[in-house]
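Peer 1: Read off the chains here:
Protein chains: 2
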Amino acid sequence: MKKTDIGAAWRGLANCKGCGIRETALFADLTEGDFSLIHLPIDEIVVAPGAALYHVGDEPQALYTVRSGLVKLVQYLPNGGQRIVRLLRAGDTAGLEAALGEPYRHTAIAVHPVLTCRIPRAVIQRLSEETQHLHQQLLRRWHQAVERADAFLVELGTGSARARVARLFLTLIDEQDDCDFFGREDVGAVLGITTETASRVVAELKRQGVLDESRPNRFHCDRAALRALADGP
Amino acid sequence: MKKTDIGAAWRGLANCKGCGIRETALFADLTEGDFSLIHLPIDEIVVAPGAALYHVGDEPQALYTVRSGLVKLVQYLPNGGQRIVRLLRAGDTAGLEAALGEPYRHTAIAVHPVLTCRIPRAVIQRLSEETQHLHQQLLRRWHQAVERADAFLVELGTGSARARVARLFLTLIDEQDDCDFFGREDVGAVLGITTETASRVVAELKRQGVLDESRPNRFHCDRAALRALADGP
DNA sequence: CGCGGACTTGATGTGTTTCAAACCCGGTGG
DNA sequence: CCACCGGGTTTGAAACACATCAAGTCCGCG
Chain A
1 MKKTDIGAAW
11 RGLANCKGCG
21 IRETALFADL
31 TEGDFSLIHL
41 PIDEIVVAPG
51 AALYHVGDEP
61 QALYTVRSGL
71 VKLVQYLPNG
81 GQRIVRLLRA
91 GDTAGLEAAL
101 GEPYRHTAIA
111 VHPVLTCRIP
121 RAVIQRLSEE
131 TQHLHQQLLR
141 RWHQAVERAD
151 AFLVELGTGS
161 ARARVARLFL
171 TLIDEQDDCD
181 FFGREDVGAV
191 LGITTETASR
201 VVAELKRQGV
211 LDESRPNRFH
221 CDRAALRALA
231 DGP
Chain B
1 MKKTDIGAAW
11 RGLANCKGCG
21 IRETALFADL
31 TEGDFSLIHL
41 PIDEIVVAPG
51 AALYHVGDEP
61 QALYTVRSGL
71 VKLVQYLPNG
81 GQRIVRLLRA
91 GDTAGLEAAL
101 GEPYRHTAIA
111 VHPVLTCRIP
121 RAVIQRLSEE
131 TQHLHQQLLR
141 RWHQAVERAD
151 AFLVELGTGS
161 ARARVARLFL
171 TLIDEQDDCD
181 FFGREDVGAV
191 LGITTETASR
201 VVAELKRQGV
211 LDESRPNRFH
221 CDRAALRALA
231 DGP
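Those protein sequence lines, which keep their order, are chains A and B. Oh and the first sequence: position 38 is 38 in full-length UniProt numbering, straight run, nothing missing. Oh and the second sequence: position 21 is 21 in full-length UniProt numbering, straight run, nothing missing.
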């Protein structure tokens with residue numbers, strides 16, 4: 001609760017047309033003409049680990065396209081604990097509910113350093129009235145959000161702690177079998193297990209050579225071994 | 001897999017304008033004029049318990065508005081098991097992905113006898129191009145689906161088996177504190193626990209007088225007691 | 001009447017939680 | 001430079017909840 005909110009730094013105005021990840025992002029299929037409809041600035045923002053993009057219940061002023069890094073969507077439990085309900089990476093959209101004028105349902109926190117584009121709600125509404133393209137994209141994003149949510153429930157909420165951890169690594173791993181991981185407390189909040197169990201499992205996988213920690217929380221993984229663990233008991 | 005698909009019976013053509021639950025359903029804010037855009041029949045269908053509205057991977061021909069009864073959305077696990085990822089009731093929409101032309105991501109199965117309206121995909125696409133109203137509703141439905149998914153994860157995937165069962169009852173209970181419940185196997189699939197544990201917990205709650213089984217799988221519940229259990233250990 | 005399916009119950013084992021303590025490491029200040 | 005602290009991680013031992021395997025019961029139904 002007392003986490004510093006410092007760490008959100010303005011980086012400049014976004015140049016959407018020339019954006020490197022546009023084809024996978026919300027503005028994917030906007031046309032030249034569509035861009036002229038944007039009359040509010042889209043800011044590029046750098047968010048430091050631990051800082052929030054927005055908080056649950058906030059007035060929805062904007063939604064965010066993640067350009068790099070990792071964002072966790074957190075929901076707080078009545079008992080004070082927290083549960084991470086989704087993880088967002090490059091190309092994903094955070095705070096979609098802002099497009100509907102609904103208050104944010106989660107708190108979005110940067111896990112790794114995050115580069116993001118802040119798109120004001122007014123821009124979305126304007127575009128979504130004027131162009132079918134964006135409307136389709138919005139629907140697709142919602143669809144994607146549901147799929148992710150279901151996947152979280154099925155993949156990360158089922159089976160033994162070891163299997164869950166293995167599946168989590170498999171969802172985070174890159175093409176070189178490397179993986180930027182995060183704190184054990186967060187692992188627990190994602191998988192619905194305790195911090196200690198998360199730590200035990202990760203430590204054990206390191207000992208077994210399935211994981212190799214090149215730097216703190218940076219792992220090289222044995223993909224095959226992880227897959228075997230993912231469905232085993 | 002071999003569940004009979006019998007039990008889906010045509011009941012007639014829907015009269016959307018006069019529909020009793022329209023204000024809560026997908027067609028909530030369509031105008032008189034909008035209805036004239038519907039050129040394909042909307043069927044009213046009765047689905048018997050255990051029968052499917054559609055199967056995972058099916059070509060998306062239609063989406064469904066649930067008018068009464070209870071529908072489960074099921075996802076199958078690699079190991080052959082299954083997990084129920086959402087429960088739908090009167091006013092809810094099943095198979096939203098059809099509006100996007102995406103294949104169904106779940107299998108939708110009637111738990112209690114279900115009365116449903118089958119809305120062909122073409123109708124949705126036509127309407128969604130012609131009227132902002134429906135478009136907004138579609139977005140809202142997606143939003144709702146995500147909220148449900150998150151609630152499933154947080155409420156039904158956290159805490160002890162007893163707490164989860166209590167929360168499940170609280171989500172199903174009606175204003176008279178009555179509750180149409182369902183098989184223990186399904187309870188397990190919803191909560192991520194085994195059939196036996198589900199049975200044990202329900203049986204124990206019956207003995208404690210928290211639940212009173214008036215007829216098979218029809219319960220009168222002590223709401224206060226359930227709420228106490230819901231966050232307790 | 002006897003069968004099958006869903007529910008209940010018991011005994012046992014194991015995985016996970018819990019409570020505690022030790023550890024490692026980067027940072028701070030003497 | 002080193003002592004010291006604090007947060008995150010690891011590890012241990014004991015308690016507990018849940019899974020598992022295996023009967024047994026209670027229906028409805030042919």
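Because the hints were derived from the structure by calculation, they are not lab data. Careful, some of the hints might be misleading.
Claimed, not checked - If you want a taste of the chain B side facing chain A, the calculated C-beta under 8 Å gives, among others:
{"id": "1", "residue": "C19"}
{"id": "2", "residue": "E23"}
{"id": "3", "residue": "R83"}
{"id": "4", "residue": "L87"}
{"id": "5", "residue": "F152"}
{"id": "6", "residue": "G157"}
{"id": "7", "residue": "A161"}
{"id": "8", "residue": "I193"}
What the hints assert, rightly or not - Here are a few chain A residues that sit away from chain B, every Cβ distance over 12 Å (derived from the structure):
{"id": "9", "residue": "R11"}
{"id": "10", "residue": "G33"}
{"id": "11", "residue": "H106"}
{"id": "12", "residue": "Q144"}
{"id": "13", "residue": "D178"}
{"id": "14", "residue": "R215"}
{"id": "15", "residue": "N217"}
As the list claims (entries may be wrong) - Ranges of calculated distance between the beta carbons of each label pair, as one might list FRET restraints:
{"id": "16", "chain 1": "A", "residue 1": "E23", "chain 2": "B", "residue 2": "D212", "range": "39 to 47 Å"}
{"id": "17", "chain 1": "B", "residue 1": "G81", "chain 2": "A", "residue 2": "A122", "range": "43 to 51 Å"}
{"id": "18", "chain 1": "A", "residue 1": "K17", "chain 2": "B", "residue 2": "R11", "range": "21 to 29 Å"}
{"id": "19", "chain 1": "A", "residue 1": "G80", "chain 2": "B", "residue 2": "A224", "range": "36 to 44 Å"}
{"id": "20", "chain 1": "A", "residue 1": "S68", "chain 2": "B", "residue 2": "T24", "range": "50 to 58 Å"}
{"id": "21", "chain 1": "B", "residue 1": "S36", "chain 2": "A", "residue 2": "T195", "range": "55 to 63 Å"}
{"id": "22", "chain 1": "B", "residue 1": "Q61", "chain 2": "A", "residue 2": "E175", "range": "35 to 43 Å"}
Where is the CB? At the ideal position from N, CA and C, for every residue including glycine.
Peer 1: Hints first: check each against the structure and report whether it holds.
Peer 2: For each hint, the structure was consulted:
A distance limit of 8 Å between C-beta atoms decides the matter here; for B:C19 the minimum to chain A is near 24 Å, and the interface restraint is violated. Interface hint at B:E23: violated, since its Cβ lies 19 Å from the closest Cβ of chain A, which is beyond the 8 Å cut-off. Among the interface hints, the one on B:R83 holds; its C-beta lies about 5 Å from the nearest C-beta in chain A, closer than the 8 Å criterion. At about 13 Å, the closest approach between the beta carbon of B:L87 and any beta carbon in chain A exceeds 8 Å, and the interface hint on this residue is violated.
A distance limit of 8 Å between C-beta atoms decides the matter here; for B:F152 the minimum to chain A is near 6 Å, and the interface restraint holds. With 8 Å as the threshold, the beta carbon of B:G157 comes within range of chain A, its nearest partner Cβ sitting at about 5 Å, so the hint holds. For B:A161, the interface hint is violated, the least distance from its beta-carbon to any beta-carbon of chain A being 13 Å, above 8 Å. Hint status for B:I193 relative to chain A: violated, with the closest Cβ pair at about 11 Å, above 8 Å.
For A:R11, the requirement that its beta carbon stay farther than 12 Å from each beta carbon of chain B is met, with the minimum near 29 Å. The non-interface label for A:G33 is consistent with chain B: the shortest C-beta to C-beta separation is roughly 19 Å, beyond 12 Å. Taking the minimum C-beta to C-beta distance to chain B, about 8 Å, the non-interface status of A:H106 is violated against the 12 Å cut. For A:Q144, the condition that its CB be more than 12 Å from all CB atoms of chain B is violated, with the nearest at approximately 10 Å.
Against the 12 Å criterion, A:D178 stays outside the reach of chain B, whose nearest CB is about 25 Å from its own CB. Distance check on A:R215: its Cβ is at least 31 Å (rounded) from any Cβ of chain B, clearing the 12 Å threshold; non-interface status holds. For A:N217, the condition that its CB be more than 12 Å from all CB atoms of chain B holds, with the nearest at approximately 24 Å. For the pair A:E23 and B:D212, the beta carbons lie near 58 Å from each other, so the given range of 39 to 47 Å is not met.
In this structure the hint that B:G81 and A:A122 lie 43 to 51 Å apart at CB holds, the actual value being about 47 Å. The given range of 21 to 29 Å is broken by A:K17 and B:R11, whose C-beta atoms sit roughly 53 Å from each other. A:G80 and B:A224 have their C-beta atoms about 22 Å apart, which leaves the hinted 36 to 44 Å range violated. Under the hint 50 to 58 Å, the C-beta atoms of A:S68 and B:T24, about 41 Å apart, miss the expected range.
Distance hint check for B:S36 and A:T195: the Cβ-Cβ separation is about 59 Å, which falls inside the suggested range of 55 to 63 Å. Distance hint for B:Q61 and A:E175: a CB-CB separation of about 37 Å, consistent with the stated range 35 to 43 Å.
Going through the hint list in order, the structure does not satisfy hints 1, 2, 4, 7, 8, 11, 12, 16, 18, 19 and 20.
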